[in-house]
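In order, the protein sequence lines correspond to chains A and D.
For the first sequence, counting from 1, position 4 maps to 3 in numbering that gives the first Met the number 0; every step adds exactly one.
For the second sequence, counting from 1, position 108 maps to 107 in numbering that gives the first Met the number 0; every step adds exactly one.
Simulated from the structure, these hints should not be mistaken for laboratory data.
Do not rely on the hints blindly, as some may be mistaken.
Pairs of lysine-lysine residues, derived as DSS-like cross-links and limited to a Cα-Cα distance of at most 27 Å, are as follows [what the hints assert, rightly or not]:
(1) A:LYS75 x D:LYS218
(2) D:LYS75 x D:LYS14
(3) A:LYS123 x D:LYS123
(4) A:LYS218 x A:LYS14
(5) A:LYS75 x A:LYS14
(6) D:LYS75 x D:LYS218
There are 2 protein chains.
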Amino acid sequence: MNAGEIIGVDLGGTKMLLGVLDSESNVLWESREASTGQTEDELVDLLVREVNEAHSARPGTAAVGLGIPATIDHGKGIAISAVNLPLDDVPIRDLVSERTGLPVFVDNDANVAALAEHLYGAAKGTENAVMLTIGTGIGGGLILGGEIYRGSTGAGAELGHTVIAMDGPDCQGNCPGRGCVETFASGTALGREGLAAAEREPDSVLGRMLADGEAIDGKAVTEVALNGDPTARTVFDLVGRRLGVALTSFANTFEPEAIVIGGGVIAAGDLLLDPARRELEARALPPMNRTPVLAAELGSDAGMIGAAAMARIELEESEGGGG
Amino acid sequence: MNAGEIIGVDLGGTKMLLGVLDSESNVLWESREASTGQTEDELVDLLVREVNEAHSARPGTAAVGLGIPATIDHGKGIAISAVNLPLDDVPIRDLVSERTGLPVFVDNDANVAALAEHLYGAAKGTENAVMLTIGTGIGGGLILGGEIYRGSTGAGAELGHTVIAMDGPDCQGNCPGRGCVETFASGTALGREGLAAAEREPDSVLGRMLADGEAIDGKAVTEVALNGDPTARTVFDLVGRRLGVALTSFANTFEPEAIVIGGGVIAAGDLLLDPARRELEARALPPMNRTPVLAAELGSDAGMIGAAAMARIELEESEGGGG
Numbered sequence: 000m001n002a003g004e005i006i007g008v009d010l011g012g013t014k015m016l017l018g019v020l021d022s023e024s025n026v027l028w029e030s031r032e033a034s035t036g037q038t039e040d041e042l043v044d045l046l047v048r049e050v051n052e053a054h055s056a057r058p059g060t061a062a063v064g065l066g067i068p069a070t071i072d073h074g075k076g077i078a079i080s081a082v083n084l085p086l087d088d089v090p091i092r093d094l095v096s097e098r099t100g101l102p103v104f105v106d107n108d109a110n111v112a113a114l115a116e117h118l119y120g121a122a123k124g125t126e127n128a129v130m131l132t133i134g135t136g137i138g139g140g141l142i143l144g145g146e147i148y149r150g151s152t153g154a155g156a157e158l159g160h161t162v163i164a165m166d167g168p169d170c171q172g173n174c175p176g177r178g179c180v181e182t183f184a185s186g187t188a189l190g191r192e193g194l195a196a197a198e199r200e201p202d203s204v205l206g207r208m209l210a211d212g213e214a215i216d217g218k219a220v221t222e223v224a225l226n227g228d229p230t231a232r233t234v235f236d237l238v239g240r241r242l243g244v245a246l247t248s249f250a251n252t253f254e255p256e257a258i259v260i261g262g263g264v265i266a267a268g269d270l271l272l273d274p275a276r277r278e279l280e281a282r283a284l285p286p287m288n289r290t291p292v293l294a295a296e297l298g299s300d301a302g303m304i305g306a307a308a309m310a311r312i313e314l315e316e317s318e319g320g321g322g
Numbered sequence: 000m001n002a003g004e005i006i007g008v009d010l011g012g013t014k015m016l017l018g019v020l021d022s023e024s025n026v027l028w029e030s031r032e033a034s035t036g037q038t039e040d041e042l043v044d045l046l047v048r049e050v051n052e053a054h055s056a057r058p059g060t061a062a063v064g065l066g067i068p069a070t071i072d073h074g075k076g077i078a079i080s081a082v083n084l085p086l087d088d089v090p091i092r093d094l095v096s097e098r099t100g101l102p103v104f105v106d107n108d109a110n111v112a113a114l115a116e117h118l119y120g121a122a123k124g125t126e127n128a129v130m131l132t133i134g135t136g137i138g139g140g141l142i143l144g145g146e147i148y149r150g151s152t153g154a155g156a157e158l159g160h161t162v163i164a165m166d167g168p169d170c171q172g173n174c175p176g177r178g179c180v181e182t183f184a185s186g187t188a189l190g191r192e193g194l195a196a197a198e199r200e201p202d203s204v205l206g207r208m209l210a211d212g213e214a215i216d217g218k219a220v221t222e223v224a225l226n227g228d229p230t231a232r233t234v235f236d237l238v239g240r241r242l243g244v245a246l247t248s249f250a251n252t253f254e255p256e257a258i259v260i261g262g263g264v265i266a267a268g269d270l271l272l273d274p275a276r277r278e279l280e281a282r283a284l285p286p287m288n289r290t291p292v293l294a295a296e297l298g299s300d301a302g303m304i305g306a307a308a309m310a311r312i313e314l315e316e317s318e319g320g321g322g
C-alpha cells in the first residue's frame, strides 16, 4: 500500500523538520519542532515521539532517514560528535529503531542535502557534484558516481575544513585546524567581516546600524547588500572570493559537473556566487575552470527530502542485497 | 594462452618505461627509452615502435595501458595537455591502437600509480586511498570505493593544485592558480628552500656546496639531509609541514584508510613524512587525524604496473559489458 512512503528527518541545531514522503518526493505529512536547549535524552525522546506520530498518521511508512549535523559512523548508525546538538557517541539508529519499530538510517545532514539536490534540485542529472551547505559553519556533501561519498566510516566530506590559508586563524567548534574555509566564508565569517566594515566605515548603512546598536550578522549584511549598499557588497566580494579559493581546490580535485551552494547564506544569491565564480574561473586548471557554481534549489527542505531519499536507497539496497 | 598479458607504459617526461605484465603483475618483458627532446610525432612513433616490439616478443599480449603525465579525457583517450611532454590534444589512444592493432587505454600517470599502490603496494587492502606522486610537480591519484576516481571526463584528481595559501605565489606550468601545494611541497620547492637555506647559512653543508658551485636541488638536499645535516633537515621540516597542510584537507575530505606518498622526493622517507604526519595529526578533524601517511612501495615501477592494471580492468569491463 504505502510501502513507498518514508519518513525524512532534518535534525538541525535549532529545529527538527520531519516529513513523510512518497517515492516521487511529495510531502504527505509534515511536522516542525524546536530542537534547542534539550539534553541528549530529551532530543531522542522528541525524535521518537515525532516519528511515532508520523507513523500513526501514515501507517504504511516503511523506514526513517535521519540527517544530522554531526560526524556519523554510517555503518553503525552512530552520531559521533556534533557542534550544535548534544549528541556524543550516540547509537541513534538503534535507539530510534527500537522505540519506533521502523528501520532507521542515519547520515550527515550535508550529505543528504547533497543527495536531494542531486536527485531533485540544482545538481539533477549530474554524476559528480560537490555541495556546500553554508550557515553558521560550512557542511560538505559529495555525490561521486551518482552516490553519496562518505569516506571510510562515514565521517568524510568535511569540505568546510579544507584549508585555504595555512597560517590562518584557528577554526571553530571541534576543529583543531587553522585557516579552514569555514573560518573565511561561513555565515559567521560574513557577520564578522560585516562588523569590521561597519567599524571601518561609520557613515555606511552598516556603520549607522552599528551605531544604532543593531546586530551586524550574516543576515543583516545580506539584507543591506541586497538593498544595494556598496559597503555590504564589498563584504560579499571578499567572502565570495575566499569561497572561490576553496571551490578551486574542489574543482581541481573532483572535476564535478556542478558545485552547488546552499544553506542560509544563499539568500544573497549571486552577490556571493559571482565573486566565487570569478575566482574559480581565474584559478582552476582547464577544463575545471568552467565548473558551474549553482545556487541550491530545495531551500530548507533539502535535508528532509535528502534524508528520506537516503533511507529509500539504503532500504532498497538492504532488501536487494538479500540481507 | 597469453590472454592474461598486458603492456603497461609509463610515459614520463624524461623516460618511457614499458613492460609486459601477467595477471599477477609479474614483469615478463621490459624496455626503457629516453623520451626527452622529441616532437609529438616522434614521441608517438617511439611509443608505437616499442609497443610493437613488445608485442612481437610476447605475441599473446591482449591490450596496452598508457600512463601519461597529462590532463586526460579518459573516455575519448585524448591527452589534452601536458607540462613536460609535447602532447596537446592528441588522440593518443586511437593513434597507438591503429598502428599496433591492440586495444589501448589511456590514463593519467598519477591515477595509475595510485591504482598500482592500491592493488600491490602501500594501499593494498584499502577501499579509499589518496596518493600523491611528488617529483618536479605533484600529481594526484584517488582510489574511492576500490576504483580510480577520475572526475567527469578524466581530468580530475589534480591534488597538487589544492590551494593551501590563498595569497601564495603563482603556481607553475599550465596552472593559473596561486598557493597550490605544488608550489610549496614539490621536489622543485625542496630545491628552492634548500637554496634559500644555503644562502642563509653559508657555513652549513648546503652553504659550502653552494660556494663550491654545486647544484642545490631536491636530490642534493635529500642526500645532505639523509647524512644528518641539521640545516637540510630544517628544510624537510618546513616542506613536510606544508605538505601536511594539504594532507589535512585530503583527510577531512576523503576520510581515506591511507594516504600514500610516492615519486622522487620519497627517497627522503620519514624526513619528509614525519613533519607531514605531525601536521595532519594536529590539524585534521577526528577521526581523520589518525589517517596513516605511508611511503609508496612500488618505486619507479608504479606507473608501468598501474598502467597495465588499469588496461586489464578496462578490458575486462569492456568485454564483460558486452560492448
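Structure-based check of all given hints:
Between A:LYS75 and D:LYS218 the CA atoms are separated by roughly 47 Å; this puts the pair beyond 27 Å, and the hint is violated. For the hint pairing D:LYS75 with D:LYS14, the CA-to-CA distance comes to about 25 Å; that is within 27 Å, so the pair holds. Between A:LYS123 and D:LYS123, the direct Cα distance comes to roughly 35 Å. Violation of the 27 Å bound is thereby established for this hinted pair. With a C-alpha separation of about 18 Å, the suggested pairing of A:LYS218 with A:LYS14 holds against the 27 Å cut-off.
Among the hinted pairs, A:LYS75 with A:LYS14 is consistent with the structure: their alpha-carbon atoms are about 25 Å apart, no more than 27 Å. A C-alpha spacing of about 37 Å is found between D:LYS75 and D:LYS218, which places the hinted pair above 27 Å, so the restraint is violated.
In this structure, the hints that do not hold are numbers 1, 3 and 6, in rising order.
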